[in-house]
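This is what each chain is made of:
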Amino acid sequence: MRILFLFLAKELRDIWRNKQVLPAYFLLPVIAVGISVLFTLILPGIVQAKKKDPGMDIIVRIVQTLPDFAGMPLQEGITRYFLRNLAGFFLLMPVALSSFAAAFSIVGEKQQRTLEPILATPITDRQFLMAKLVASITPAIALTWLAGLAAAVMVDFISWERYGYLLLPDRFWLVGLLALAPVMGIASVLATMHFSARMTDPQAANQFTGLVIIPIFLLIVGLFGRTLTLSFVFLWSACLVVLLLDVVLFRFILRKFQREEILTRWK
Amino acid sequence: MISCHKLSRLFNSVTAVEDLSFEIPEGKLFALLGPNGAGKTTTIRLLLGLIAPTSGGARVAGYELGHDKRANSSIRAVCGLLTESPGFYERMSAWDNLLFFARLYGIPESQIGGRVERYLRFMELWDRRADPVGTFSRGMKQKLAVIRAIFHEPKVIFMDEPTAGLDPEASVTVREMILKLKAQGRTIVVCTHNLDEAQRLADLVGILKQRLLVCDTLAGLQSGSGGSARVEIELRDALPRHRQIIRAISAVKSVECATNTMLADVVHPRENVPQIVRALVNSGAEIIKVHAQTDSLETIYLRCIHGGSVQR
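Chains as they are written, first to last, in the working numbering: chain A, 1 to 267; chain B, 1001 to 1312.
In short, the hints are calculated from the structure, not lab data. Fair warning: this is a prediction, and the values are worked out from it, not measured in the lab. For glycine and all other residues, C-beta sits at the position ideal for the given N, C-alpha and C. Some hints could be false.
To be verified - Simulated coverage check for chain B against chain A, where a stretch passes if three residues somewhere in it have a Cβ under 8 Å from a Cβ of chain A:
1) 1052-1059
2) 1081-1088
3) 1101-1109
Turn these sequences into a full structure, and let the hints guide you.
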């Protein structure tokens, strides 16, 4: 546990001191909070103004077919529907925020020539990989949760006067942010770390993450996102499946992690 | 403290090191010499359990080297490594870097601060402790790397080119530190191209070129192992018959005379010089001085590497 905190503290210090990386960590959460607030502010007005619009009619029909929103006033139902769909954005946030740190996790150590001194200490492969995982994912999850909390507080502050009760968090939002987002983030970090250990160039590792890993997760959320916002059982099942995937991935990476291959293949 | 038996490592079909067998007693400094690509770094990595041998085995600080990750981890806990390139986290301060590695080595929290301070002061880096390592010169980073290799007080220390890139003053500081560690009874393996440094520091010298060509004490290398020496013999009155007496001894390859001094090329001088002295005394010669001009380490090294083609 001490080693996990050691690497995490180093990672946090590194992010804090890197003025080029720090803004990138805050951009996505700010956008997510901003969109949530914007939806809450403008959706009731749009629904009111475009009540007779054919496009709006389609949305109204979709929302009214959903049991969670069917009995609600139109403005509230549509606002809640859009806010829940926005949870997909928060689901991908740990994946995107951790990608930079995960891509550099091993190849970056090699580039700085700190990998061999680290591997020359009594640290085990399991400790090293676990520490790298924790260091990469924790800031991303923390920022996702902070963004989720900020979005909920601001949305409720804005909407309280209109509806008299809290729009956020709803149960889908809660499970999505607290359970599914972290396990998805862990899966993406583990996949990225596996390639980071095989790359010889940090730039290539970063590009690989941006062009392969993140699009794969985007695709998954795109394919299953709607079902995730509609079926609570499916949402929980997805959490369990991705958690299982995390365990399998970690064991696979641990088995494939060869100190000597990393030390001798790269020059 | 370290013993290797037929340690070999192949990378695909390329032999990095082959049949390494040597013993380094506790408290001794072993200088491992060899050209680039001779397998010095591979040898260090093998002995630290960072890479696995293809065949053969070794015992380091009481632990059997092997495929058991736990045993290798135990070896690394009692060993220190100075890598060829002193890698540090450039944005972090010297102090934070050392604290990070101190914790990885499991130094008790109550001792970390004191130890790091002591070594930073010895290496004259105390005033720069709060500066990012990225602002350090190559020499300063090397000193910091030396601290990292020793601050957990390991029984065995592996040093890959410890004074490479250092200015003369910094080299002296590092050499003093190495001698201090040796005096404390630590076993040290130094890979170096600096033959003068090896000659000054080493108890044992090994010359590696995939195989260990020689491994002995410096005196042993100079006097034996196929070596020869030019022996200067000064007599009160040198006569032609004295030259003939020396020439008759089979270990003497050639003799030159200059007034009362004779210069003889003698094979295995440690064994054969007493025979020359005895023969001269028996013939009635009065010996003023006998001095064996032994080979320098450089000569021995070049002869080993080039298979005896180097002339003294």
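Three-residue Cβ test at 8 Å for the coverage of the stretch 1052-1059 of chain B by chain A: violated (count 1)
Verdict on chain A covering the stretch 1101-1109 of chain B, where coverage means 3 or more residues with a C-beta closer than 8 Å: holds (count 5)
Coverage claim, chain A over the stretch 1081-1088 of chain B, checked by counting residues with Cβ within 8 Å (three needed): n = 6 at 8 Å, threshold three: holds.
Checked against the numbered hints given earlier, the structure breaks only hint 1 and satisfies all the rest.
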